[in-house]
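**Q** Below, each chain spelled out in residue letters.
Protein chains: 2
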Amino acid sequence: MIHADSVLLTDLYQLTMLQGYWQEDMRDSATFELFVRKLPRTRNFLIAAGLEQLLAFLEAFRFTDEECLWLRQCGYFQADFIDHLARLRFTGAVWAMPEGTVFFPNEPIIRVTAPLAEAQIIETRLINLMQFQTMVASKAARSVLVAPGKLLTDFGLRRAHGAEAGLLAARACAIAGFSGSSNVLAGMRFGIPMYGTMAHSYIMAHDDEAEAFERFARAQPSNVVLLIDTYDTLAAAHKVVALAARLASSHLRISAVRLDSGDLLALSREVRRILDAGGLADCRVFASGDLDEYELERLIHAGAAIDGFGVGTRVTTSEDAPYLNCAYKLEEYAGRPRLKRSAGKVTWPGCKQVYRSYDPQGTMRQDIVTLEAEVQAGEPLLRPVMQNGHRLAPPVRLAEVQARVRQQLQALPEPLRKLSAAAAYSVTVADGLRRLAAKLGAPPLT
Amino acid sequence: MIHADSVLLTDLYQLTMLQGYWQEDMRDSATFELFVRKLPRTRNFLIAAGLEQLLAFLEAFRFTDEECLWLRQCGYFQADFIDHLARLRFTGAVWAMPEGTVFFPNEPIIRVTAPLAEAQIIETRLINLMQFQTMVASKAARSVLVAPGKLLTDFGLRRAHGAEAGLLAARACAIAGFSGSSNVLAGMRFGIPMYGTMAHSYIMAHDDEAEAFERFARAQPSNVVLLIDTYDTLAAAHKVVALAARLASSHLRISAVRLDSGDLLALSREVRRILDAGGLADCRVFASGDLDEYELERLIHAGAAIDGFGVGTRVTTSEDAPYLNCAYKLEEYAGRPRLKRSAGKVTWPGCKQVYRSYDPQGTMRQDIVTLEAEVQAGEPLLRPVMQNGHRLAPPVRLAEVQARVRQQLQALPEPLRKLSAAAAYSVTVADGLRRLAAKLGAPPLT
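In the order they appear, the protein sequences are chains C and U.
Per my numbering, the very first residue in the first sequence carries number 1; after that it's consecutive.
Per my numbering, the very first residue in the second sequence carries number 447; after that it's consecutive.
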């Protein structure tokens, strides 16, 4: 129904600006950087995600014949300019933090250098792709941090903001450390393990709950997970025990039950007791329904007998922070650094790099934002990923990104791993960058 | 990059349930209804939106050869069942509230009657499509209500949750009464008027702000809107006045200026004064930046000199309520009404209708939820839109939906039109429906 990769998925002003640049023959090289201005109140760090989709977008960038035809007749643009658009490709360079990198405000996470029109026209979709996955991965990582050893799965598709949000949220959750997703397309497209067995409607379509359980178990013998809260959760748990005995003769076992409503803490413990007493100690208890990292922490801390969680709407929509205050800013054009001075929106000028240092135990200690030429000690976080419009490496494997997140979360200072607000991680600005900002007339920046 | 209309954009459990239904030969007719359980704290009403995309999805529903091939090798399903999926089409009936209808909790807005597998498999995408546009249209309508006579445009694409969210949010805002969108694809696909001229990067790429203004005006003579907050807003307003004099000899005029940062109230009034003093009384002032209905109301009430607003992120993401507590529930199967009794999630059983009555002035007075056969006085809100898998009318025109919203907002009781929380609109439940719920063992429902 939609062309997610249409280059017309952009703001009109990108095209009107390009017409201006084209008329003025402004073709020099420009550098733009994507960064987040400040953390949401409920985040201590962010995780970069979405680069893979961005690079695919840049490689495929072109206006189709159909799009050019429509632009010609929409009345906004000159015919010669449409001819220019028809030839436009992305031929620039991209430096980026690898997907899965922890980052902080005012650190560039993407740096694009290309002829002005190319670097400009990609802005809208670049932000659209990067901010969403970054936002969801950053939210999902908090669930991962509070639920070590638990199985976490993404159940958010139905209340995701459209198709692409559902698909890419599954990917962002997998990056952050979830074990899988209910999303079948995410399974097909990204190889993400799929989870899920039945909804209440399956139980309700049968005249009897116990009959529904048994029929389902016989239809899906390899993975029997039964939803037990449709009518009376504890009564259903007893039915599960009775069913297990009947199934044993067919060498079938019930691998888990799922709770989706009510007092998950109390119910999980009672259900666990019923299952254990019924000889089903290896039957796991899975829970879902309005969960997020706060509720996970509460349940786990209180001793809920829950082995895995289906986390949906609140993570997929990043409910407590459904957008990031991010910007893609012109930092340099025609060899000269550029600076915006709008109230409350001043940015650091010039092409930049970020260096990270660690303490001897491998814990992140400090980041320093520098001009590109101003080399510092530490690990440079921005790396070249595209040159002349071509990727410098094959598409990243999800497992590689997942491994990076695991390593990054381990290296996080302990206070940042908590759900509660921590003192800000130390991000300093190098002297050369400060001098440049002052020279360009920036008001005092922190 | 994504197949938004792939039927694999679903939860795995839909497929495992279908395999169960198929094995059990459960092919009888089922009725499911979509409804919202409760309003977000910051909404007094909701506006139904998304039906057009849902009907297109249902008409096109089929598993492609590529998808069937992948399902065969993913290891979750039986080969015969995949053959069954390959033949599956949606052949059912749909009743729905027309797009643009105001509705309230526990009122069905979509009712689907189809063979069980067909009514089940569409659940995930149905919710995904309906809840997003409904959520955004309902949020955007609040801006429309507080800003009568102002030009409102959607600027939300970049921070929308992916491609489809950006596209469909533009549509939802247009439905609610916005004049247009920055989204070019929304212009192409839905004929939504496009707005937008320049970003800060355009100004910054030039060495001089006044030069940037003049070049832009000469490049886009038909619609000169200048962004004046890149460096110093008031100084830029004076440059606009000076430029207008220079442009007059070329018969060019500056139609508007845009503010995107700072104290929009104070700046708009000072800019208005500068423009008026410079003879530019017909140059309009447009504002953007972190706006939502609360900020619009504040600015307008305080007397800001702003003619139009670009409303973006906060509306597109429905920032204060980024999801709706909605459900698509089995109400009837094989001729028997069905009832879920999960704690806190009890629903009204059976196939239902909603009747709305009005006072003599045409203001909405009360809704009553009934069993389908239990005809009441008033306007029935659910109407047949699809039969045997085919639409009963051509695709709806956006203008028709916009007209319905205008009419509906006029008919809203005054307290519901406010941003502050109003007493709930009266939605009662007819006696026959109450009796059925009691007979099925529902706990007391309000």
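Hints are computed from structural coordinates only; laboratory data are not their basis.
Keep in mind that this is a model prediction, so the values were computed, not measured.
Here a beta-carbon is modelled for each residue, glycine too, at the ideal position from N, C-alpha and C.
One thing to keep in mind: the hints can contain errors.
[Claimed, not checked] Derived list of chain C stretches under chain U, where covered just means 3 residues or more per stretch with a C-beta under 8 Å from a C-beta of chain U: (1) 377-387; (2) 393-402.
[What the hints assert, rightly or not] Restricting the straight-line Cα-Cα distance to at most 16 Å, the calculated cross-link-like pairs of lysine to aspartate or glutamate (EDC-like) are: (3) C:K239 to U:D736; (4) U:K685 to C:D263; (5) U:K685 to U:E660; (6) C:K345 to U:E660; (7) U:K685 to U:D709; (8) U:K885 to C:D263; (9) C:K38 to U:E655; (10) U:K596 to U:E741; (11) C:K345 to U:D709; (12) U:K484 to C:D290; (13) U:K791 to C:E297; (14) C:K418 to C:D232.
**Q** Could you run down the list of hints and mark each one as holding or not?
**A** Going down the list of hints, with the structure as the test:
no., hint, result
1, 377-387, "violated (count 0)"
2, 393-402, "violated (count 0)"
3, C:K239 to U:D736, "54 Å, violated"
4, U:K685 to C:D263, "64 Å, violated"
5, U:K685 to U:E660, "10 Å, holds"
6, C:K345 to U:E660, "24 Å, violated"
7, U:K685 to U:D709, "20 Å, violated"
8, U:K885 to C:D263, "26 Å, violated"
9, C:K38 to U:E655, "28 Å, violated"
10, U:K596 to U:E741, "14 Å, holds"
11, C:K345 to U:D709, "13 Å, holds"
12, U:K484 to C:D290, "14 Å, holds"
13, U:K791 to C:E297, "24 Å, violated"
14, C:K418 to C:D232, "36 Å, violated"
Consistency note: the structure conflicts with the earlier hints numbered 1, 2, 3, 4, 6, 7, 8, 9, 13, 14.
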